[in-house]
Amino acid sequence: MARPRQISRVQIPPRVKGFIPVGYYKDQSEPVQLNIEEYEAIRLLDYEGLSQEGAAKIMQISRPTLTRIYERARKKVATVLTEAQQLIIEGGNVLFNGNWYECEKCNSTFNSPAESTVKTCPLCGSGNIQHKEG
Amino acid sequence: MKIAIPIESESKHSKLSLRFARSPYFALVDRESAQVEIIANPFSEQSFEVGKKLLKWLVEQHQVNTLLAFELGVKVQQKANEAKMQLIIINEKKQSLKQLLLYLKIDYK
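Chains as they are written, first to last, in this note's numbering: chain A, 1 to 134; chain B, 135 to 243.
No lab work stands behind these hints: they were computed from the structure. Fair warning: this is a prediction, and the values are worked out from it, not measured in the lab. The C-beta atom is built at its ideal place from N, Cα and C for all residues, glycine as well. Incorrect hints may have been included.
[Claimed, not checked] Covered stretches of chain B (in silico footprint by chain A; criterion: 3 or more residues with CB under 8 Å from a CB of chain A, positions within the stretch not fixed): (1) 151-157; (2) 170-181; (3) 202-212.
[Stated by the list, open to error] In silico DSS-like cross-links for lysine-lysine, where the CA-CA straight-line distance does not exceed 27 Å: (4) B/136 / A/119; (5) A/105 / B/186; (6) B/186 / A/17; (7) A/105 / A/75; (8) B/239 / A/119; (9) B/209 / A/57; (10) B/146 / A/105; (11) A/132 / B/146; (12) B/228 / B/239; (13) B/186 / B/227; (14) A/57 / B/149; (15) B/146 / B/232.
[What the hints assert, rightly or not] Short derived list, chain A residues pointing at chain B, Cβ under 8 Å: (16) 60; (17) 106; (18) 111; (19) 113.
Based on the sequences and whatever the hints tell you, model everything.
Next comes the structure, spelled out in structure tokens:
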């Protein structure tokens, strides 16, 4: 039986839900799904330049687990780039640091530091906000 | 609520700075009194532990409890989470301070 996957901590939810290729491409097959923990591994290791030990500590997972997540993530990104596939960022076994929301009016993303429920956007005051599941 | 916004210059037309901890200036916006104060970042040229020192200074000296930015570095995020600060991540890089103040409904002369 496969081992259950560890829950990864994610600091801030991804900015967008995915990417689409620019220009003509013939094969509009199923998009590649990049899990949120895979996105976070690429962000911490490649964008922030952290060591695998440092990134694993932030995500609260073991280093070998991070290595496996990162390898899966790179393979998916390579597939997207080479085969001109759409990329969807969703799913995975993650827990965000605190409650996060997205404002439908100003498109900002914000947290609730006191772990309480937020009813309006702290930037524009709109009540049209969505809770981000993680 | 007191918000720290990283900006490139002292003007109200200043663009948002994309380097939070090394931003040259911050606009401090007090939502209750609708006051805006622009301050220089004393740590912008330093080499080590800039995010940690900056957050301590913003919280203890200026009573900031909210950070507004396009992107926050890992260290700043960690320290802000520890301090239970509110984080607002905007989705447009090219915002000016004036545009952000309009969202906050603050008229800064």
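Evaluated hints:
1. Only when three residues or more bring their CB closer than 8 Å to a CB of chain A does the claim for the stretch 151-157 of chain B stand; here the count is 0, and the claim is violated.
2. With 0 residues carrying a beta carbon less than 8 Å from a beta carbon of chain A, the stretch 170-181 of chain B misses the three-residue requirement, and the given coverage is violated.
3. Counting residues of the stretch 202-212 of chain B whose CB lies closer than 8 Å to any CB of chain A gives 6, so the stated coverage by that chain holds, three being the minimum.
4. Between residue 136 of chain B and residue 119 of chain A the CA atoms are separated by roughly 19 Å; this keeps the pair inside 27 Å, and the hint holds.
5. Only pairs whose Cα atoms come within 27 Å are accepted, and residue 105 of chain A paired with residue 186 of chain B is rejected, the gap being roughly 32 Å.
6. Simply put, residue 186 of chain B and residue 17 of chain A have alpha-carbon atoms about 31 Å apart, too far for the 27 Å limit, and the pair is violated.
7. For the hint pairing residue 105 of chain A with residue 75 of chain A, the CA-to-CA distance comes to about 35 Å; that exceeds 27 Å, so the pair is violated.
8. At most 27 Å may separate the alpha-carbon atoms for a hinted pair to count; residue 239 of chain B and residue 119 of chain A meet this at roughly 18 Å.
9. Between residue 209 of chain B and residue 57 of chain A, the direct Cα distance comes to roughly 13 Å. Compliance with the 27 Å bound is thereby established for this hinted pair.
10. With a C-alpha separation of about 23 Å, the suggested pair residue 146 of chain B and residue 105 of chain A falls inside the 27 Å cut-off, and the hint holds.
11. Distance check on the hinted pair: residue 132 of chain A and residue 146 of chain B sit about 33 Å apart at the alpha-carbon level, beyond 27 Å; violated.
12. Simply put, residue 228 of chain B and residue 239 of chain B have alpha-carbon atoms about 19 Å apart, close enough for the 27 Å limit, and the pair holds.
13. With a CA separation close to 24 Å, the supplied pair residue 186 of chain B and residue 227 of chain B stays within the 27 Å bound.
14. Proposed proximity of residue 57 of chain A and residue 149 of chain B is contradicted: the alpha carbons are some 34 Å apart, above 27 Å.
15. A hinted pair counts as satisfied when its Cα atoms are at most 27 Å apart, and residue 146 of chain B with residue 232 of chain B qualifies at roughly 6 Å.
16. Interface restraint check: residue 60 of chain A against chain B, minimum CB-CB distance 12 Å, threshold 8 Å, status violated.
17. Restraint check, residue 106 of chain A versus chain B: the minimum CB separation of about 6 Å is within 8 Å; hint holds.
18. With a cut of 8 Å, the hint placing residue 111 of chain A at the interface with chain B holds, because the nearest CB-to-CB distance is about 5 Å.
19. The interface hint given for residue 113 of chain A is met, as the beta carbon of that residue sits about 4 Å from the closest beta carbon of chain B, less than 8 Å.
Checked against the numbered hints given earlier, the structure breaks hints 1, 2, 5, 6, 7, 11, 14, 16 and satisfies all the rest.
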